[in-house]
Amino acid sequence: MSKVRAICVSLLLAAAVSAAALSFEVSGGWPLTLNASNLAGTAGSDFISTHTSASNAVIIDIADAVDQFEIWYIDIHKVEGTWDDSLAISAIRTTDGTGLGTIAGGTVLTEITDTTTRFFEGAGNRSSIHIQLVLDGASVTLGAGGYSLQVVFTLLDDS
Amino acid sequence: MFSRKRLTIFFIVVLMTAVGFSAFAQAVATDLIGVTITVDAIALIKVSGSDLTFAVESPGAAAAGELPVVNDSNTPTYIQYTSVVASGARKIDVKASAALPAGLKLNIRAGTPTGHGGVGTPVAGGVMVDSTGPTTDQTIITGISSCATGSGGTQGPAIYYTLSIDEATFGSLTTAGASGITLTYTLTANS
Chain L
321 MSKVRAICVS LLLAAAVSAA ALSFEVSGGW PLTLNASNLA GTAGSDFIST HTSASNAVII
381 DIADAVDQFE IWYIDIHKVE GTWDDSLAIS AIRTTDGTGL GTIAGGTVLT EITDTTTRFF
441 EGAGNRSSIH IQLVLDGASV TLGAGGYSLQ VVFTLLDDS
Chain E
14 MFSRKRLTIF FIVVLMTAVG FSAFAQAVAT DLIGVTITVD AIALIKVSGS DLTFAVESPG
74 AAAAGELPVV NDSNTPTYIQ YTSVVASGAR KIDVKASAAL PAGLKLNIRA GTPTGHGGVG
134 TPVAGGVMVD STGPTTDQTI ITGISSCATG SGGTQGPAIY YTLSIDEATF GSLTTAGASG
194 ITLTYTLTAN S
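These protein sequence lines are chains L and E, in that order.
Taking our numbering, the leading residue of the first sequence gets 321, the next gets one more, and so forth.
Taking our numbering, the leading residue of the second sequence gets 14, the next gets one more, and so forth.
Keep in mind the hints are simulated off the structure, nothing from the lab.
Virtual Cβ for every residue (Gly too), placed ideally from N, Cα, C.
Hints should not be assumed to be uniformly reliable.
Here are some chain L residues pointing at chain E (derived, C-beta under 8 Å) [to be verified]:
hint: 1; residue: L342
hint: 2; residue: F344
hint: 3; residue: L352
hint: 4; residue: L359
hint: 5; residue: G364
hint: 6; residue: F389
hint: 7; residue: I409
hint: 8; residue: I412
hint: 9; residue: L453
hint: 10; residue: D456
hint: 11; residue: A464
hint: 12; residue: V471
Incomplete in silico selection of chain L near chain E, CB under 7 Å [claimed, not checked]:
hint: 13; residue: G348
hint: 14; residue: T353
hint: 15; residue: N358
hint: 16; residue: G361
hint: 17; residue: I368
hint: 18; residue: S369
hint: 19; residue: E390
hint: 20; residue: Y393
hint: 21; residue: H397
hint: 22; residue: G421
hint: 23; residue: G463
hint: 24; residue: L469
hint: 25; residue: V472
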């Protein structure tokens with residue numbers, strides 16, 4: 321009987337631990353084309369070095385929080401495809417989104433590197449958090465072709 | 014059967030696990046988006062500088078018997094270009110709109126290109142236009158890849174022009190008055 325009770329108690333505790341089924345969805349992306357219209361001037365000039373996406377290039381929705389006090393973090397890093405080391409990409413949070421919870425951080429440019437970096441944090445459900453991406457280092461010396469990477473967002477639950 | 018001691022240890026382990034979950038944020042999900050940058054091929058060129066004027070004049074009484082002299086107070090022109098290629102190289106050609114009057118020849122020579130990237134290399138000695146032409150493209154810079162020379166009026170390679178008396182056809186030189194030609198520069202793929 322005691323064994324059964326112990327198993328029940330541990331299951332309840334485990335259930336309590338895993339009850340926070342926080343989830344999120346990241347949508348969007350940034351296709352950028354650089355051509356003659358992106359030169360800084362007339363013939364002889366280079367590309368404008370810095371290019372900025374739409375302010376809502378990426379939209380994040382955080383859902384399934386237990387309550388508005390369930391704390392979460394968003395980390396960010398990149399996985400390079402065909403990329404060039406002269407290019408740098410950064411992200412900035414342009415809106416707070418909506419919801420009963422709170423949100424903080426991410427309102428200054430955060431360079432996205434190969435190493436996971438804390439981007440912003442909050443608590444509770446938040447919908448439609450807008451992210452803008454910024455590319456630095458564009459130059460004609462890249463040569464014609466395609467360059468790509470993936471920006472990986474990680475949701476961490478602090479409950 | 015769980016003894017009291019074993020049950021206590023069991024609860025402590027479970028509680029520590031729970032505390033551990035609370036003290037350290039756990040990654041619960043990842044999602045990603047793509048960033049794709051497409052760089053298009055570009056070939057832009059412009060020429061900066063003033064039109065050139067040459068005067069073929071008498072060598073003066075003291076130099077009677079000598080060939081006429083060419084009075085040249087021109088300054089160089091400059092070529093600015095932006096080139097983006099996926100591979101291979103480009104060149105810059107110059108083409109005269111017409112041959113020169115008999116007795117004259119014009120040397121067109123590029124200085125060392127400046128800028129960044131693969132700005133190319135000037136053809137040694139430049140090219141020549143005389144009374145026989147040519148009126149087709151002649152290459153003055155080769156080996157241009159992806160580059161930008163700068164767009165300022167004195168950026169990029171200087172182009173030097175030297176008009177001289179062509180002794181081979183000087184006998185046909187006449188005082189025909191002003192005669193002009195147009196030079197056209199083209200940034201093009203290597204053929």
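Q: Hint by hint, work out which the structure violates, then give me just those numbers in ascending order.
A: 6, 8, 10, 15, 17, 18, 19, 21, 22
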